[in-house]
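There are 2 protein chains.
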Amino acid sequence: MFSERLEIAAARVAGHLRDVLADYPDQPVVDAMRYAVQGGKRLRAFLVMEGAALHGVAPEQAVQAAAAVEALHAYSLVHDDLPCMDDDDLRRGLPTVHVKWDQATAVLVGDALQTLAFDLLADARTHPDPAVRIALVSSLARASGAAGMVLGQAQDIAAETAGRPLTLKEITALQANKTGALIRWSAEAGAVLGQADTGPLRAYASALGLAFQIADDILDVEGDAEKAGKRLQKDAEAGKATFVSLLGLEAAKVRAQNLAAEAEAALSPYGAAAESLREAARFVISREN
Amino acid sequence: MFSERLEIAAARVAGHLRDVLADYPDQPVVDAMRYAVQGGKRLRAFLVMEGAALHGVAPEQAVQAAAAVEALHAYSLVHDDLPCMDDDDLRRGLPTVHVKWDQATAVLVGDALQTLAFDLLADARTHPDPAVRIALVSSLARASGAAGMVLGQAQDIAAETAGRPLTLKEITALQANKTGALIRWSAEAGAVLGQADTGPLRAYASALGLAFQIADDILDVEGDAEKAGKRLQKDAEAGKATFVSLLGLEAAKVRAQNLAAEAEAALSPYGAAAESLREAARFVISREN
Numbered sequence: 001m002f003s004e005r006l007e008i009a010a011a012r013v014a015g016h017l018r019d020v021l022a023d024y025p026d027q028p029v030v031d032a033m034r035y036a037v038q039g040g041k042r043l044r045a046f047l048v049m050e051g052a053a054l055h056g057v058a059p060e061q062a063v064q065a066a067a068a069v070e071a072l073h074a075y076s077l078v079h080d081d082l083p084c085m086d087d088d089d090l091r092r093g094l095p096t097v098h099v100k101w102d103q104a105t106a107v108l109v110g111d112a113l114q115t116l117a118f119d120l121l122a123d124a125r126t127h128p129d130p131a132v133r134i135a136l137v138s139s140l141a142r143a144s145g146a147a148g149m150v151l152g153q154a155q156d157i158a159a160e161t162a163g164r165p166l167t168l169k170e171i172t173a174l175q176a177n178k179t180g181a182l183i184r185w186s187a188e189a190g191a192v193l194g195q196a197d198t199g200p201l202r203a204y205a206s207a208l209g210l211a212f213q214i215a216d217d218i219l220d221v222e223g224d225a226e227k228a229g230k231r232l233q234k235d236a237e238a239g240k241a242t243f244v245s246l247l248g249l250e251a252a253k254v255r256a257q258n259l260a261a262e263a264e265a266a267l268s269p270y271g272a273a274a275e276s277l278r279e280a281a282r283f284v285i286s287r288e289n
Numbered sequence: 001m002f003s004e005r006l007e008i009a010a011a012r013v014a015g016h017l018r019d020v021l022a023d024y025p026d027q028p029v030v031d032a033m034r035y036a037v038q039g040g041k042r043l044r045a046f047l048v049m050e051g052a053a054l055h056g057v058a059p060e061q062a063v064q065a066a067a068a069v070e071a072l073h074a075y076s077l078v079h080d081d082l083p084c085m086d087d088d089d090l091r092r093g094l095p096t097v098h099v100k101w102d103q104a105t106a107v108l109v110g111d112a113l114q115t116l117a118f119d120l121l122a123d124a125r126t127h128p129d130p131a132v133r134i135a136l137v138s139s140l141a142r143a144s145g146a147a148g149m150v151l152g153q154a155q156d157i158a159a160e161t162a163g164r165p166l167t168l169k170e171i172t173a174l175q176a177n178k179t180g181a182l183i184r185w186s187a188e189a190g191a192v193l194g195q196a197d198t199g200p201l202r203a204y205a206s207a208l209g210l211a212f213q214i215a216d217d218i219l220d221v222e223g224d225a226e227k228a229g230k231r232l233q234k235d236a237e238a239g240k241a242t243f244v245s246l247l248g249l250e251a252a253k254v255r256a257q258n259l260a261a262e263a264e265a266a267l268s269p270y271g272a273a274a275e276s277l278r279e280a281a282r283f284v285i286s287r288e289n
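Protein sequences, first through last, are from chains A and B. Quick note on the numbering used here: the first sequence kicks off at 1 and runs consecutively. Quick note on the numbering used here: the second sequence kicks off at 1 and runs consecutively.
Watch out, some of these pointers could steer you wrong.
As the list claims (entries may be wrong) - Distance condition first, Cα-Cα at most 27 Å in a straight line; then the derived BS3-like pairs of lysine-lysine:
# : chain 1 : residue 1 : chain 2 : residue 2
1 : A       : Lys100    : B       : Lys253
2 : B       : Lys100    : A       : Lys240
3 : B       : Lys169    : B       : Lys100
4 : A       : Lys253    : A       : Lys100
5 : B       : Lys253    : B       : Lys234
6 : A       : Lys253    : A       : Lys234
Said to hold, decoys possible - Here are some, though not all, of the chain A residues that point toward chain B, as calculated from beta-carbon distances under 8 Å:
#  : residue
7  : Gln27
8  : Val107
9  : Thr115
10 : Ile134
11 : Ala141
12 : Ile157
These are calculated hints, taken from the structure and not from any lab test. Source: prediction; values computed, not measured. Heads up, the beta-carbon is just placed ideally off N, CA and C, and yes, glycines get one too.
Pulled out of the complex, with its shape left as it was, chain A reads as follows (with noise of 0.2 Å):
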């Protein structure tokens, strides 16, 4: 059922940003657009899309907000991957942008991918009233910007040359930034929507994002890379301070479990209708990309 709903919801917002680029200008840069928004998990939107449903909102309004949330995840990492940056060159099992293209067209991808994102949610199309609209686009800011996202890769970066290995109470601050804040957005953007009480799904998301991460953390160790399509053991190439260095591989393993059974249990309110939100918590734990 989840896996299900997920590749729906995958399709679906794929499409959708497709439809939307397809209106921009046929230059070198759209098409290199077109090329960063395709695959990749789709949690993001996923879980915009299961929370709109689960408040009645219509899927033709949370695609927006997915897409939205999709086109933000994009730049981030069509940015991350830049040589400056993590200097990757393989990212969902194709080439990165500036592997593709060059380093120029990248930092421009980026940068319209980020507004491309605020320009969904400004549309009439997400919801009819502007101030729903508006409170999307404050969120999506305040959980992305020099408060959220780009502070916790800053974070990321410092941390490599801090000349000691980050703490675990520094790690989690730090994943709650990079990771944490775009998952949590995600999360309680149906809420929003519905203009509805946020707070379970903030309450999943936070402990949903941190189980992401400690996941990540063991996949890097233990993964495979041509499943996860990307390059891994890097953290530990690099000395990096990560959960699985703080707490050894079984206690995160069972540090996530116990943070995935927390989003769970934070679903109640909202009894057999979210079962798929329940069903992607374990997901997180147990994928292998």
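Guided by the hints, dock chain B onto chain A, whose structure is given.
Chain B in isolation, oriented as in the chain A frame:
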């Protein structure tokens, strides 16, 4: 009168950006953001403040939109200065962000400044009516993304490897995207905030934006690098087509003067109240930086 009002707008927007960024986490990436938004002519901020004043919009609201467009402009400069783009080490008379910090920080600073622009517009201090804020978010996204400023930058980069210089028509279209779109947004923002007809300010800004770019090309040939605070004669060195190379220096000057006059004429509905905007049009074609 104009230079005084430009100075007041510049000081006001600089103070506002300082206040806004004071609330951000004390991190190197935020220090670099504070650095990147310093200085500059603040022409875009001035256009917002003056356009707002013409429509009776409170300066406390206008300064939010002015700060937003200056943050967005600063992001584009930080990314444009990167080694993979224009590779500039001097901007506004100071070392560029990637020189003073590093390239990764410059990428993140640009990313976060773009986010800040949308965050500022979405804030209730910009306008009590969310519909007005959404209109500003939406129009800024259109002006700056892959159908606006970023498209212009990509066209500019593509021109370098095109094997032939651009035609006058192509360079006019390129500049309308690269610098024109943001200048138009700035001039129109006051009318949007005042929920008034944007037509006259749009016509003014279209002529002003092109005059600005022609003047930039003239400055690149005739200017004093010290006064300009940046490296000059780059276009000639790179063999790039400019308004000067296409029209000749004297004809370019005449064209800029005609456009400035056209910009002034577009303001006739505002009468004497728009005098400082008229002076701005004259300033744009006579500036030394």
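Quick rundown of the hints versus the structure:
1. For the hint pairing A:Lys100 with B:Lys253, the CA-to-CA distance comes to about 42 Å; that exceeds 27 Å, so the pair is violated.
2. For the hint linking B:Lys100 to A:Lys240, the alpha-carbon distance of about 25 Å falls within 27 Å, and the restraint holds.
3. Restraint check for B:Lys169 and B:Lys100: the C-alpha separation of about 38 Å exceeds 27 Å, so the hint is violated.
4. Taken as a hint, the A:Lys253 and A:Lys100 pair is broken in the structure, with Cα atoms around 36 Å apart against an allowance of 27 Å.
5. Proposed proximity of B:Lys253 and B:Lys234 is supported: the alpha carbons are some 19 Å apart, at most 27 Å.
6. A threshold of 27 Å between alpha carbons decides the hint, and for A:Lys253 with A:Lys234 the separation of about 19 Å falls inside it, so the pair holds.
7. Hint on A:Gln27 holds. Least Cβ distance to chain B is approximately 6 Å, under the 8 Å limit.
8. Because the beta carbon of A:Val107 sits about 5 Å from the nearest beta carbon in chain B, less than 8 Å, this interface hint is met.
9. Residue-level restraint check for A:Thr115 holds (minimum Cβ-Cβ distance to chain B is 3 Å; threshold 8 Å).
10. A least Cβ separation of about 4 Å between A:Ile134 and chain B falls short of the 8 Å threshold, and the interface hint therefore holds.
11. Evaluation of the A:Ala141 hint against chain B yields a held restraint, the C-beta minimum of about 4 Å falling below 8 Å.
12. Checking A:Ile157 against chain B by beta carbon gives a least distance of about 5 Å; that is within 8 Å, so the hint holds.
Hints 1, 3, 4, counting from the list given before, are not met by this structure.
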